[in-house]
Amino acid sequence: MRKALPYFAVGLLAAALCGCRTSYQEALAARQDVMFGTGDYARERAAKMAASTVNRKLGNVELGRLKMLQGDFAGSSAVLGPQLEELFDETNEGPVLKKGQIAGNILAGTLGDDRAIPYELPAFELLFGLQYQAINALALGEPDNARVYLRRATAVQEQLKEENERHPDAAEAASAPTDGGKKEDAENAQNASTAADKITAQLSPVADAVRASYENALAWYLMGLFFSREDDQSNADIAYREAGRINPAVLPFTRPAPGAGRDVVVVYEEDLVDMQSPIKIPLPFGGTVWSVDFPVYASPPHAPAQIAVEVGGAVAATCVPAVNVQALAYRNLKDRIPGVATRNVTRAAVKIAAQQMTYHMTRSNSGANLALMLGVLAYNTVSTVISEADTRAWQTVPEHVHLARLRLPEGQGSITLRNALTGRACAVALPQAAAGAGTLVVWFSDVRGFATVTTLTVGGKGAPSWARTTSLLQP
Numbered sequence: 000m001r002k003a004l005p006y007f008a009v010g011l012l013a014a015a016l017c018g019c020r021t022s023y024q025e026a027l028a029a030r031q032d033v034m035f036g037t038g039d040y041a042r043e044r045a046a047k048m049a050a051s052t053v054n055r056k057l058g059n060v061e062l063g064r065l066k067m068l069q070g071d072f073a074g075s076s077a078v079l080g081p082q083l084e085e086l087f088d089e090t091n092e093g094p095v096l097k098k099g100q101i102a103g104n105i106l107a108g109t110l111g112d113d114r115a116i117p118y119e120l121p122a123f124e125l126l127f128g129l130q131y132q133a134i135n136a137l138a139l140g141e142p143d144n145a146r147v148y149l150r151r152a153t154a155v156q157e158q159l160k161e162e163n164e165r166h167p168d169a170a171e172a173a174s175a176p177t178d179g180g181k182k183e184d185a186e187n188a189q190n191a192s193t194a195a196d197k198i199t200a201q202l203s204p205v206a207d208a209v210r211a212s213y214e215n216a217l218a219w220y221l222m223g224l225f226f227s228r229e230d231d232q233s234n235a236d237i238a239y240r241e242a243g244r245i246n247p248a249v250l251p252f253t254r255p256a257p258g259a260g261r262d263v264v265v266v267y268e269e270d271l272v273d274m275q276s277p278i279k280i281p282l283p284f285g286g287t288v289w290s291v292d293f294p295v296y297a298s299p300p301h302a303p304a305q306i307a308v309e310v311g312g313a314v315a316a317t318c319v320p321a322v323n324v325q326a327l328a329y330r331n332l333k334d335r336i337p338g339v340a341t342r343n344v345t346r347a348a349v350k351i352a353a354q355q356m357t358y359h360m361t362r363s364n365s366g367a368n369l370a371l372m373l374g375v376l377a378y379n380t381v382s383t384v385i386s387e388a389d390t391r392a393w394q395t396v397p398e399h400v401h402l403a404r405l406r407l408p409e410g411q412g413s414i415t416l417r418n419a420l421t422g423r424a425c426a427v428a429l430p431q432a433a434a435g436a437g438t439l440v441v442w443f444s445d446v447r448g449f450a451t452v453t454t455l456t457v458g459g460k461g462a463p464s465w466a467r468t469t470s471l472l473q474p
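Counting along the sequence shown from 1, when you hit position 139 you're at 138 in numbering that gives the first Met the number 0, and nothing is skipped either side.
Check before you lean on any hint, since a few could be wrong.
Claimed, not checked - Ranges of calculated distance between the beta carbons of each label pair, as one might list FRET restraints:
1) 141 x 232: 19 to 27 Å
2) 232 x 193: 32 to 40 Å
3) 183 x 276: 29 to 37 Å
4) 208 x 81: 28 to 36 Å
5) 77 x 240: 31 to 39 Å
6) 90 x 462: 53 to 61 Å
7) 302 x 92: 20 to 28 Å
8) 466 x 200: 43 to 51 Å
9) 248 x 185: 44 to 52 Å
10) 84 x 50: 12 to 20 Å
11) 77 x 25: 20 to 28 Å
Stated by the list, open to error - Here are the simulated lysine-lysine pairs, BS3-like style, with alpha carbons at most 25 Å apart:
12) 197 x 97
13) 197 x 98
14) 181 x 98
15) 47 x 160
16) 181 x 97
17) 350 x 181
In short, the hints are calculated from the structure, not lab data.
Just so we're clear, the structure is a prediction, and the values are computed from it rather than from any experiment.
By construction, the Cβ of each residue, glycine as well, lies at the ideal position given by its N, Cα and C atoms.
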C-alpha cells in the first residue's frame with residue numbers, strides 16, 4: 000500500500016495541475032478581453048505581472064499600453080517612464096542601452112523552464128515602449144520629453160546596428176549547440192539543431208520580410224518630424240533618410256504636401272500582433288522519445304489593410320504600411336530559437352538521464368533506491384504536466400502600423416478614415432488649430448474592441464483629444 004502512495008499523490012497533483020489555466024490560456028483570455036470585452040481582465044493580469052519578479056517588465060509595458068488605449072496618458076506615463084528609465088545610461092554621447100537589457104541568449108538552469116527567467120523586452124518591444132512614452136508626453140503637453148524618448152528609440156537602433164555589424168555572428172555562436180565529445184552531447188546537439196531547424200523553417204516566410212528585429216522606420220520618421228519642427232533640416236534629413244532605408248514606402252511622406260493649410264500625419268495601428276503558441280516536438284534521447292516544449296508563431300504573412308484618408312468625400316491620401324510588426328516579432332523569435340532549443344533539449348536530457356540512472360539503481364531492490372526512483376518519476380511526471388513553452392510577449396502592440404501625410408485645407412474640421420477592403424469608415428473630428436501649433440498627428444489604434452483615436456501636435460501646443468471610435472476592421 001505504501002508503494003502505491005507516491006503514484007497516487009502524483010496522479011492527484013497532475014490532475015489538479017491539468018485543471019489550472021496555463022500562462023498561454025491566460026494570455027489568450029486577456030487578448031480576447033481587449034479585442035471584444037471590457038479590458039478589465041487584461042488590465043488585472045498586466046498589473047499582476049507587473050508586481051511579480053520574472054514578469055515585471057512585461058507587465059509594466061502591457062499595463063502602460065492598456066492605460067493608453069483607455070485614454071489615461073498620465074497613468075500610462077507613470078508606468079512606462081520608470082520602467083524605461085532603468086534600461087538606459089546617460090552618457091556624454093547620449094542615451095546608451097544598458098548591456099543585458101535586451102532579450103537574447105540567456106542561459107538558465109536545466110531543471111526549470113524558460114518561464115522562470117526574468118522577462119527582458121526584445122528590441123522591437125522596447126522601441127514600441129519608447130514610442131508610446133513619446134506619445135504620452137505629447138498628450139501631456141511635454142514635447143521636450145517626447146523628443147527625449149524618440150531620440151532614445153533611434154539611439155537603440157543605432158547601437159544595435161553597430162553591434163550587429165561589428166559581431167554579425169555573435170548571437171548564433173552564443174546559442175549554437177556544442178559537441179563536448181560524448182555520445183550524449185552529440186545527440187543533444189543534434190536534437191537541438193533538429194528542433195531549431197523545424198521552427199525557424201516555419202517562421203522564415205514571415206521573419207525574412209525584415210532585415211533585423213530592431214529596425215523601426217516609424218521611430219526615425221517621428222524623430223524627423225521633431226527636427227523639422229525645430230527647423231533643423233539637416234538632422235531631419237538624416238532621420239528621414241534612415242526611415243527610408245528601413246522602409247522606402249515612407250519616403251513620400253518625409254515632406255509636407257505643398258500649398259497653404261494644415262500639415263497632418265496619420266498613424267493607423269492595425270489589430271494586435273500574433274500570439275506565440277506552445278508546441279511539443281518529439282525527439283529521440285538514447286533509445287526513448289521525449290516531447291520537448293517550444294514556442295512558435297503559426298500564422299502566414301498578414302496582408303495589411305488598405306486605409307484611405309478622405310477629405311470632403313474625396314481621397315486625399317493613402318496609408319502605407321510603415322512597420323511590419325508581425326515580421327519583427329517572427330524575426331525576433333527566429334533569432335532566439337537556437338538558444339531556446341539548446342536549453343530545452345538540455346533540460347529534457349537531464350530528466351531522462353536521472354530517470355535512467357535511478358532505474359538501474361533500483362535493480363538492487365533496496366528501499367532507499369526504490370524511493371529515489373519513485374521521487375524522480377514523480378518529479379518528471381509532474382514537471383512534464385506543468386511544463387509549457389515560454390510564449391510570453393507584449394501582445395497589445397499592433398500587427399501593422401500605417402502612415403499617411405496630407406495637407407488639410409484651412410478651416411477643415413474633420414477627416415475620414417476608410418478601409419477599402421471592408422468598406423467601414425470612421426470620421427475623425429480635428430481640434431481647431433492653434434497659432435504655431437505645428438504638425439497635427441492623428442493616432443488611430445484599432446484593436447477592434449478598443450478602437451481609439453488621439454489627436455496631438457508635434458509642437459506641443461493645442462489641447463490633445465482622445466475618444467473611443469469605430470473599428471475599421473469589423474466586416
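A quick look at each hint next to the structure:
no., hint, verdict
1, 141 x 232: 19 to 27 Å, "24 Å, holds"
2, 232 x 193: 32 to 40 Å, "54 Å, violated"
3, 183 x 276: 29 to 37 Å, "30 Å, holds"
4, 208 x 81: 28 to 36 Å, "34 Å, holds"
5, 77 x 240: 31 to 39 Å, "35 Å, holds"
6, 90 x 462: 53 to 61 Å, "36 Å, violated"
7, 302 x 92: 20 to 28 Å, "41 Å, violated"
8, 466 x 200: 43 to 51 Å, "44 Å, holds"
9, 248 x 185: 44 to 52 Å, "47 Å, holds"
10, 84 x 50: 12 to 20 Å, "19 Å, holds"
11, 77 x 25: 20 to 28 Å, "25 Å, holds"
12, 197 x 97, "33 Å, violated"
13, 197 x 98, "31 Å, violated"
14, 181 x 98, "34 Å, violated"
15, 47 x 160, "34 Å, violated"
16, 181 x 97, "38 Å, violated"
17, 350 x 181, "18 Å, holds"
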